[in-house]
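Protein chains in written order, with the working numbering: chain A, 87 to 170; chain B, 87 to 170.
None of these hints come from the bench; they were simulated from the model.
Each hint should be verified, as a subset may be incorrect.
To be verified - What the simulated footprint calls covered on chain A by chain B, stretch by stretch (three residues with Cβ under 8 Å from a Cβ of chain B suffice, anywhere in the stretch; the number is not a length): (1) 91-99; (2) 107-121; (3) 155-169.
Claimed, not checked - Partner residues are not named here, just some residues of chain A that face chain B (Cβ under 7 Å, in silico): (4) Arg124; (5) Val125; (6) Arg126; (7) Val127; (8) Gly128; (9) His130; (10) Met150.
To be verified - Derived Cβ-Cβ restraints for the label pairs, each shown as a range: (11) A/Leu103 with B/Gly118: 31 to 37 Å; (12) A/Thr88 with B/Ala138: 43 to 49 Å; (13) A/Arg99 with B/Arg140: 23 to 29 Å; (14) A/Asp162 with B/Ala166: 16 to 22 Å; (15) B/Ser139 with A/Ala145: 39 to 45 Å.
These figures come from a predicted structure and were not determined experimentally.
In this text, a Cβ means the ideal position worked out from N, Cα and C, and glycines have one as well.
There are 2 protein chains.
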Amino acid sequence: MTAYRVEVRVMPRAALLDPQGQAVEHALHALGFGEVARVRVGKHLLLDVEAASRDEAAARARAMCDRLLANPVTEDFDVAVGTG
Amino acid sequence: MTAYRVEVRVMPRAALLDPQGQAVEHALHALGFGEVARVRVGKHLLLDVEAASRDEAAARARAMCDRLLANPVTEDFDVAVGTG
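Pulled out of the complex, with its shape left as it was, chain A reads as follows (with noise of 0.2 Å):
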């Protein structure tokens, strides 16, 4: 067994509003930062998982994604495995 590091990448599904994205929109905007649009905010998860595999470490954290760290309605998820 290895531990993995595993990274894994929740955001708001591209078809929903994302308030919390407006909402740094237009502070950026205030701020002077006219430049920037489509801002969208999610989560970043890091976690070390023991496995058998860089594969199995994957699935794993795709189950705890299923379960717990997104929202299957509201958000995707992305997961990727580092070194063991």
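For chain A, the structure is supplied; the task is to place chain B on it using the hints.
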């Protein structure tokens, strides 16, 4: 000017406690994911930045982090510029 897609990752500094990460770790253990450890939770932002070059887009995104997106005392950030 080109619109670059910029990804920003904002994470709690390694030396600091991360109460949200600890809460997620405990919840994962309670759901049967005993193989997970060292959970840390941060933010992931996607933004379009109009700029003359990739380097300028990255510099503007770092300025946004310094001014608004990250707390310099408690958080670190990474900026990655995608395709224009």
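### Query
Which of the listed hints are broken here?
Of the numbered hints given earlier, the structure breaks just one, which is hint 3.
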